[in-house]
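Per this note's numbering, the first sequence starts with residue 20, numbered consecutively.
Derived by calculation from the structure, the hints in this document are not laboratory data.
Any given hint could turn out to be false.
[To be verified] Capping the alpha-carbon separation at 30 Å, the derived lysine-lysine pairs in DSS-like fashion look like this:
| hint | residue 1 | residue 2 |
| --- | --- | --- |
| 1 | K82 | K96 |
| 2 | K75 | K21 |
| 3 | K191 | K212 |
| 4 | K212 | K171 |
| 5 | K225 | K191 |
| 6 | K96 | K106 |
| 7 | K110 | K181 |
| 8 | K96 | K75 |
| 9 | K212 | K75 |
| 10 | K225 | K184 |
[Unchecked claim] Label pairs and their in silico Cβ distance ranges:
| hint | residue 1 | residue 2 | range |
| --- | --- | --- | --- |
| 11 | L116 | P22 | 16 to 24 Å |
| 12 | A223 | R81 | 22 to 30 Å |
| 13 | G168 | L116 | 44 to 52 Å |
| 14 | E27 | G183 | 42 to 50 Å |
| 15 | G137 | R102 | 29 to 37 Å |
| 16 | L116 | E176 | 25 to 33 Å |
| 17 | P214 | G87 | 34 to 42 Å |
| 18 | Q38 | P214 | 39 to 47 Å |
Positions of the beta carbon are idealized from the N, C-alpha and C atoms, including for glycine.
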Amino acid sequence: MKPGAVHEFFRRLAAREPQPKTELVFRDPFTLLVAVVLSAQATDASVNRATPALFKAAPTPRKMAALGPEGIEPLIKTIGLYRTKAKNVAKLAQALLDNHGGEVPHDRDALQALQGVGRKTASVVLNAVWGDPEIAVDTHVFRVGNRTGLAKGKTPEEVERKLGKVVPAEWKRHAHHWLILLGRYTCLARKPKCPECPVADLCAFKGKTTV
DNA sequence: ATCCCGAGGG
DNA sequence: CCCTCTGGAT
20 MKPGAVHEFF RRLAAREPQP KTELVFRDPF TLLVAVVLSA QATDASVNRA
70 TPALFKAAPT PRKMAALGPE GIEPLIKTIG LYRTKAKNVA KLAQALLDNH
120 GGEVPHDRDA LQALQGVGRK TASVVLNAVW GDPEIAVDTH VFRVGNRTGL
170 AKGKTPEEVE RKLGKVVPAE WKRHAHHWLI LLGRYTCLAR KPKCPECPVA
220 DLCAFKGKTT V
């Protein structure tokens, strides 16, 4: 996709929903990090429903670690994968205490060393907390990037690197979420709704059937 | 490649 | 009822 088209692509997404309602609202790095870990393979709605109770009981790494997996589980039962996630979050909180003075590290490798934190989660946190230029690549962003021609790549790392180069700096804060929304509601995996897509005319896909 | 695991939608 | 879902670890 040509630079001019890329700019227009994001200009339209920005115009459609400047501040996405479904973005996670947490400011505090710790609660944001935990919320992002919990959101893996779960809908926004379940995370939003479950987290208030969890963060009331354990707003800090110290209290979260003290709660332990057994204490955390019942608070996040309505999220899928709750057993794994409770275990991860407890371990993660303990690691923050042991290795990072109870603070969320501003460092990709340190983040990814935490239990339950992979590349995508680390990128979301780096971007949301510190405004780093990372643009997280999940399944939606991967598909949209490849289909549209915005950022083609065989691996999420490649797609992320290309997005980092191509997305105008002014929009990096929200680019991840805009692409997710586009993928979730319009650029569907099985049957993309090209006729109602705001960037169809800029897209390389043109109603093909793969990727 | 497979498991985790409930919620929500078709 | 059957399928998918804003990953990560093994």
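Going through the hints against the structure:
Under the criterion of a C-alpha separation no larger than 30 Å, the hint pairing K82 with K96 is consistent with the structure, at around 19 Å. In summary, the hint linking K75 to K21 is not supported, as the alpha carbons are separated by about 48 Å, beyond the 30 Å threshold. At most 30 Å may separate the alpha-carbon atoms for a hinted pair to count; K191 and K212 meet this at roughly 25 Å. For a cut-off of 30 Å, the pair hint linking K212 to K171 stands: about 20 Å separates their Cα positions.
This hinted pair checks out: K225 and K191 have alpha carbons roughly 26 Å apart, not beyond 30 Å. Among the hinted pairs, K96 with K106 is consistent with the structure: their alpha-carbon atoms are about 13 Å apart, no more than 30 Å. Between K110 and K181 the CA atoms are separated by roughly 33 Å; this puts the pair beyond 30 Å, and the hint is violated. Using a Cα cut-off of 30 Å, the hinted pair K96 and K75 holds, with the two alpha carbons roughly 16 Å apart.
Restraint check for K212 and K75: not satisfied, since their Cα atoms lie roughly 41 Å apart, outside the 30 Å limit. With a CA separation close to 24 Å, the supplied pair K225 and K184 stays within the 30 Å bound. Between L116 and P22 the beta carbons are some 46 Å apart, a value that contradicts the proposed interval 16 to 24 Å. At about 50 Å, the beta-carbon gap between A223 and R81 misses the expected band of 22 to 30 Å.
Separation of G168 from L116 is about 45 Å and conforms to the stated range, judged on CB atoms against 44 to 52 Å. At about 19 Å, the CB distance of E27 to G183 disagrees with the hint of 42 to 50 Å. The supplied range of 29 to 37 Å is broken by G137 and R102, whose beta-carbon atoms lie about 18 Å from each other. The hinted window of 25 to 33 Å between L116 and E176 holds, with their beta carbons roughly 30 Å apart.
Taken as a hint, the range 34 to 42 Å is violated for the pair P214 and G87, whose Cβ atoms sit roughly 51 Å apart. At about 27 Å, the beta-carbon gap between Q38 and P214 misses the expected band of 39 to 47 Å.
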